[in-house]
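Could you slot chain A onto chain F? The hints should help.
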Amino acid sequence: MTTTLRLILSLSLTLILAACASAPTPVGTGDLGVVIERANGTVAVVNTSTQTVLGDIAGLGDLSHASVVFSRDGAHAYVFGRDGALTKLNILTRQIEARTQQAGNSIGGAISQDGRLVAAQNYEPGGVKVFDAQTLALVADIPAEYAPGKLSRVVGLADLPGHRFIFSLFDADQIWIADLSTPQKPALQKFTQIGHQPYDALVTPDGRYYIAGLFGEDGLTLIDLWAPQPQARRILQGYGRGQQPLPVYKMPHLRGWAVAGRQAWLPAIGHHEVLIVDTDTWQEVGRIPVAGQPVFVMARPDGRQVWVNFAVPDYHRVQVIDTQSRQIVQTLEPGKAVLHMEFTPRGEAVWISSRDANLVSIIDTQTLQTLSTLSLPSPSGIFFTSRAARMGF
Amino acid sequence: MRPDILQPLSPGWVAACRQATVGALCLLAGGAWSQASDTEPSPARQQTLIHIVRQDCGSCHGMRLKGGLGPALTPEALADRPVAALVSTILQGRSGTPMPGWQGMLDEQDARWIAQQLLRGFPEVKQP
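Those sequence lines, one after another, are chains F and A.
Using the working numbering, read the first sequence as starting at 14 and increasing by one per residue.
Using the working numbering, read the second sequence as starting at 5 and increasing by one per residue.
Errors might be hidden in some of the hints.
With a straight-line Cα cutoff of 25 Å, these simulated DMTMM-like cross-link-like pairs (lysine to aspartate or glutamate) come out [what the hints assert, rightly or not]:
(1) F:K198 <-> F:E137
(2) A:K130 <-> A:D60
(3) F:K349 <-> A:D60
(4) F:K203 <-> F:D127
(5) A:K130 <-> F:D69
(6) F:K163 <-> F:E230
(7) A:K130 <-> F:D369
(8) F:K349 <-> F:D327
(9) F:K198 <-> F:E158
(10) F:K263 <-> F:D184
(11) F:K349 <-> A:D84
(12) F:K263 <-> F:D237
(13) F:K263 <-> F:E137
(14) F:K203 <-> A:D60
(15) F:K163 <-> A:E80
(16) F:K263 <-> F:D369
(17) F:K198 <-> F:D145
(18) F:K263 <-> F:D327
(19) F:K263 <-> A:D60
(20) F:K349 <-> F:E286
(21) A:K130 <-> A:E80
(22) F:K263 <-> F:D231
(23) F:K203 <-> F:E137
(24) F:K163 <-> A:D84
Rather than coming from a laboratory, the hints here were simulated on the basis of the structure.
Excised from the complex, chain F in its bound form (with noise of 0.2 Å):
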């Protein structure tokens, strides 16, 4: 070999070497995550297979009700604050790529089918707004009026199949579709008088029904969104608030709702059950007691296992109910203050948030044995980037 040649390689070699040092290592997003920490307006990005905090992301507000919405690359988490904030994380980079202050008091939020719409909804002023998901750029307003002047507290928003969002007016005892498929005059839909104070909404997971629980009645109203004239229709009636309405500690929440097979497993709202509703005729074929009153009431991925934690007071506990024999089969102790669980892509572990213990603990489905514990101040919602998946999430 000449010597001419010998340094051509050599140099070669460097070069190669060099690019490969300064090439960022790709990483997927499908075992990623955010925890929020509601104190101190932070979230903490987190895989699921190391089961690990990677790092946080700090300044986004008062994030009490925080919740989150995925893009269809899992690589962007919207976050929407209780003080109106939303913002768009990159939880690849860990930085905030876009942030705005949309309203003075929000709940949540929805993204549209195709990845292009955020659409939060609100308490203060009353309604939703739909944002650009690349740029956060505000896209449509819909105030929630539903009188001269009045505007209804917005609930259980959720996405449809197409470029239409559904949400219920606590206020107005409505259920509106909004439509936006000409993004800049949304068309609605109102169903009204469906049923006294709707408290919160689910889609199911096929997108065919909406269903709202109702605070200021007993039932819950569904509407089913295949039907050639959809009509809001109340179903369970005497499902939950019973003959002698109980003090409820914390509003349950029917968004990540269990349907397990033909069944939907539901919070009874007040009382000290879960109740079990067959699907095809919406009737009650059974009610669970349990620890306190559910919160969450969750389906483990392949339905074979529900997840049930509880308001205040008795919400250390978490009970696991085993959907074929209908038994309670575990009530674990994670820690005080149980606020959220979210279950791994597939549903081999699920993640605890224990607010007051500042703990995270990862259990086991199988063996209910916790795998591992992480530190985080004062932990609420747990989301995983297989939310961008799903209908409804």
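Just chain A now, kept in the frame of chain F:
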């Protein structure tokens, strides 16, 4: 010696308060007792109450107490509300709204202290 009725509510009383049938008695006891303004919750209990208000009441009223499903609980928002009315709302709840009565977890002394602090501007949780 002070009459028993001026003593802070015993656990027995709190339990009794939960029974609707003795509601009137409970109010009577509470009303008389409330004149004993020199008693307030212990410092440790105060910290617990601050935590309860910020976190659990915060579920609906917001951790900053600026409102949510429930109304704002800032001094400005509550300016014209008498303490007694706030105490009654805290313990009995407000019918027709999602506000529950908290007498299962708080006694009259707790509620009065919370109401007074809300009117002044509610204290922050002490950072450890």
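Given the proposed pairing of K349 of chain F with D84 of chain A, does the C-alpha separation stay at or below 25 Å? violated (36 Å)
Pairwise hint evaluation, D69 of chain F against K130 of chain A, where the allowed Cα distance is 25 Å at most: The hint holds at about 23 Å.
Going straight from one Cα to the other, do K263 of chain F and D369 of chain F come out at no more than 25 Å? Given that 25 Å is the threshold and the Cα spacing comes to 16 Å, the pair holds.
What's the verdict on K203 of chain F and D60 of chain A, does the C-alpha distance respect the 25 Å limit or exceed it? violated (34 Å)
For a C-alpha distance cap of 25 Å, please report whether K263 of chain F and D231 of chain F respect it. The hint holds at about 17 Å.
Would you mind confirming whether the straight-line C-alpha gap from K130 of chain A to E80 of chain A stays at or under 25 Å? At roughly 23 Å apart (the allowed maximum being 25 Å), E80 of chain A and K130 of chain A satisfy the hint.
CA of K349 of chain F to CA of D327 of chain F, is that 25 Å or under? holds (9 Å)
Taken at face value, is the distance from the CA of E137 of chain F to the CA of K198 of chain F at most 25 Å? holds (22 Å)
Does D84 of chain A lie within 25 Å of K163 of chain F when you go C-alpha to C-alpha? holds (23 Å)
Restraint status (C-alpha distance of K263 of chain F to D60 of chain A at most 25 Å): Given pair K263 of chain F, D60 of chain A holds - Cα atoms ~8 Å apart, limit 25 Å.
Quickly compare the C-alpha distance for K130 of chain A and D60 of chain A to 25 Å and report which way the hint goes. holds (16 Å)
Decide if the proposed pair is consistent with the structure: K130 of chain A and D369 of chain F, CA atoms, cutoff 25 Å inclusive. Distance ~14 Å between K130 of chain A and D369 of chain F Cα, so the pair holds.
Checked against the numbered hints given earlier, the structure breaks hints 11, 12 and 14 and satisfies all the rest.
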